[in-house]
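Chains A and B, in that order, give the protein sequences.
Residues in the first sequence are numbered from 1 upward in steps of one, following full-length UniProt numbering.
Residues in the second sequence are numbered from 1 upward in steps of one, following full-length UniProt numbering.
Don't take each hint at face value.
Which stretches of chain B does chain A cover? Using the computed rule of at least three CB atoms under 8 Å from a CB of chain A, they are [unchecked claim]: (1) 33–46; (2) 93–101; (3) 148–157; (4) 225–235.
Keep in mind the hints are simulated off the structure, nothing from the lab.
Computed from a predicted model, the values in this text were never measured in an experiment.
The beta carbon of each residue, even a glycine, is placed where N, CA and C say it ideally should be.
Number of protein chains: 2
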Amino acid sequence: MTTYQLHYWPTIQGRGEFVRLALEAAGADYVDVARLPESKGGGGSALGDRLDDPDIVRPSFAPPFLIDGDIVVGQTAAILLYLGPRLGLSGVGESDGLWTHQLQLTIADVVAEAHDTHHPISTGAYYEDQRDAAVQRARAFREERIPKYLNWFERVLQRNPAGPSHLVGDVLTYADLSLFQLVDGLRYAFPKAAARALAATPAVEKLHDNVRRRQRVHDYLQSPRRIAFNEDGIFRRYAELDG
Amino acid sequence: MTTYQLHYWPTIQGRGEFVRLALEAAGADYVDVARLPESKGGGGSALGDRLDDPDIVRPSFAPPFLIDGDIVVGQTAAILLYLGPRLGLSGVGESDGLWTHQLQLTIADVVAEAHDTHHPISTGAYYEDQRDAAVQRARAFREERIPKYLNWFERVLQRNPAGPSHLVGDVLTYADLSLFQLVDGLRYAFPKAAARALAATPAVEKLHDNVRRRQRVHDYLQSPRRIAFNEDGIFRRYAELDG
Numbered sequence: 001m002t003t004y005q006l007h008y009w010p011t012i013q014g015r016g017e018f019v020r021l022a023l024e025a026a027g028a029d030y031v032d033v034a035r036l037p038e039s040k041g042g043g044g045s046a047l048g049d050r051l052d053d054p055d056i057v058r059p060s061f062a063p064p065f066l067i068d069g070d071i072v073v074g075q076t077a078a079i080l081l082y083l084g085p086r087l088g089l090s091g092v093g094e095s096d097g098l099w100t101h102q103l104q105l106t107i108a109d110v111v112a113e114a115h116d117t118h119h120p121i122s123t124g125a126y127y128e129d130q131r132d133a134a135v136q137r138a139r140a141f142r143e144e145r146i147p148k149y150l151n152w153f154e155r156v157l158q159r160n161p162a163g164p165s166h167l168v169g170d171v172l173t174y175a176d177l178s179l180f181q182l183v184d185g186l187r188y189a190f191p192k193a194a195a196r197a198l199a200a201t202p203a204v205e206k207l208h209d210n211v212r213r214r215q216r217v218h219d220y221l222q223s224p225r226r227i228a229f230n231e232d233g234i235f236r237r238y239a240e241l242d243g
Numbered sequence: 001m002t003t004y005q006l007h008y009w010p011t012i013q014g015r016g017e018f019v020r021l022a023l024e025a026a027g028a029d030y031v032d033v034a035r036l037p038e039s040k041g042g043g044g045s046a047l048g049d050r051l052d053d054p055d056i057v058r059p060s061f062a063p064p065f066l067i068d069g070d071i072v073v074g075q076t077a078a079i080l081l082y083l084g085p086r087l088g089l090s091g092v093g094e095s096d097g098l099w100t101h102q103l104q105l106t107i108a109d110v111v112a113e114a115h116d117t118h119h120p121i122s123t124g125a126y127y128e129d130q131r132d133a134a135v136q137r138a139r140a141f142r143e144e145r146i147p148k149y150l151n152w153f154e155r156v157l158q159r160n161p162a163g164p165s166h167l168v169g170d171v172l173t174y175a176d177l178s179l180f181q182l183v184d185g186l187r188y189a190f191p192k193a194a195a196r197a198l199a200a201t202p203a204v205e206k207l208h209d210n211v212r213r214r215q216r217v218h219d220y221l222q223s224p225r226r227i228a229f230n231e232d233g234i235f236r237r238y239a240e241l242d243g
């Protein structure tokens, strides 16, 4: 059996969490390398070194990246594209696989926008130094973008010919897991705005509940392997950004 | 032979341009539907209607989307993932296809950041109403992000075992075409900053020149099918954002 190596920052959920959830939900054998002790190659510093390793012919721009034997693949959505068929998480056939990926890319777009609510000017500057712009951007995100995206996912679920329990057909895909994570993150960062939007998107809320209750996901969420949300990650709870 | 239907806003290059370039470079048979006369289904209004068509079981969140028989696929990178092997633009085998896609996703990240230089607060508000934040965000983009991204692409080209003429092996892929378009857009929107960054990334600059000189690309760029850059698109030239 393959042991996948996941390489991602060890103290945040971040974008790596979408990969962790897929590996956990499938019961895959994997090592979250940067979370090992430093003596075993763990730590953020070793991760940075590995990212900059000049011997990697196809380097990733940023974590997360996944190593599977000779394959090194970066970009969250590309990692999931690679893992999907191997873990049985991308539906049935090319058409489902493509649709699963399209859903993931749209989730990635929301995630990038959620990040920029607290860093609207520069990822290289402190939140405190861009708070005024953050307050403005977060307002637009809460009022326009969260409802627009969640309404679209609601529509996708409602139109699914196999029923609204899954995004793709009637099986679990990485898109379901990622939508769970998106909703979880929005609820953490924007509890008031997320509650308002979810009240209008019952199938999205139900999917979140269903995914959370799946045995492997449930076990993972209760385990120390699940890092808690915190203010170094993508979804950050700052009272002034919710409302 | 398949006739692909591309659906995208008719008056801008935008994200649709990455798809147009792939179709053009491959000599594919396609219709740019929204650019047809209104009597033949063209126009932005018909595009909006089509996007909201309740009969589409797998709706796209936004343009562009591509229709190929029964397949409807949205999200620029997913469209290219679909077209890549069909147009011979994703290298050889799964590994090249995945790497081509990873490169495309990183280009998509830069493109989103380029967009946000003029809309750092809200896509729903006018540029003039977010100009102060735009000036700040554009400075960080010019000073930190453009060099970081272009240096990474330079590294990818320099490390390519087949030589620095292409991103993936020794054949043209949609990643090459998209990097051409990214450089073209950065040069339009940020002429000074792009010139500075490109002076340090000669292989990226050379790839841009090589792609532009390919016969089909050259013919396309000279044709009325190539929409000029303008201030409704993603890459916008505002003097106060360059420097």
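Here is how each hint holds up against the structure:
Here's how the segment 33–46 of chain B fares: 0 of its residues keep a CB closer than 8 Å to some CB of chain A, so the rule of at least three is not met and the hint is violated. For the segment 93–101 of chain B, the stated coverage by chain A is satisfied: 4 residues place a CB nearer than 8 Å to a CB of that chain, which reaches the threshold of 3. Taking a C-beta to C-beta cut-off of 8 Å, the segment 148–157 of chain B contributes 4 residues in contact with chain A, enough for the three needed, and the coverage statement holds. For the segment 225–235 of chain B, the stated coverage by chain A is violated: 0 residues have a C-beta nearer than 8 Å to a C-beta of that chain, whereas at least 3 were required.
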